[in-house]
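**Student:** Sequence:
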Amino acid sequence: VVAVILCYLCHKFYFTTTTHARMELRSYILIPIALALAFLFHPGDAWVSMQVLVAFTMYAECLALIPQLYLMRHMHEVEPLTSH
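The sequence shown begins at 1 in our numbering and counts up by one.
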């Protein structure tokens with residue numbers, strides 16, 4: 001519940017930081033994909049178990065990296081990002 005409130009407040013007060021960039025992969029596209037992957041490929045034998053939630057968080061985190069990798073690939077100044 002706290003995470004949802006924090007996300008809402010960040011979107012409300014800091015929406016100008018993301019308006020200049022066009023977002024190709026939105027959360028309403030990535031979350032159903034992660035949910036479908038979690039139901040299809042999760043550890044355990046039961047169809048619905050706690051392992052589905054664990055798999056969902058793993059897939060959601062992996063899919064959230066795609067826009068960041070896309071941005072790093074298309075930036076011209078990669079050296080400051082990889083210097084550490």
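The hints are simulated quantities; they were obtained by calculation from the structure and are not laboratory data.
Possibly wrong hints are sitting among the right ones.
What follows is a set of in silico ranges between Cβ atoms, one per label pair, in the way DEER data are often shown [as the list claims (entries may be wrong)]:
{"#": "1", "residue 1": "Arg73", "residue 2": "Arg26", "range": "26 to 34 Å"}
{"#": "2", "residue 1": "Ser49", "residue 2": "Ser27", "range": "33 to 41 Å"}
{"#": "3", "residue 1": "Val1", "residue 2": "Met72", "range": "29 to 37 Å"}
{"#": "4", "residue 1": "Cys62", "residue 2": "Tyr14", "range": "18 to 26 Å"}
{"#": "5", "residue 1": "Cys10", "residue 2": "Ala46", "range": "17 to 25 Å"}
{"#": "6", "residue 1": "Leu40", "residue 2": "Ala64", "range": "33 to 41 Å"}
{"#": "7", "residue 1": "Leu40", "residue 2": "Lys12", "range": "33 to 41 Å"}
{"#": "8", "residue 1": "Leu65", "residue 2": "Leu40", "range": "14 to 22 Å"}
Using N, Cα and C, we set each Cβ at its ideal position, and we do this for glycine too.
**Student:** If you check each hint against the structure, which ones fail?
**Tutor:** Failing hints, ascending: 1, 2, 5, 6.
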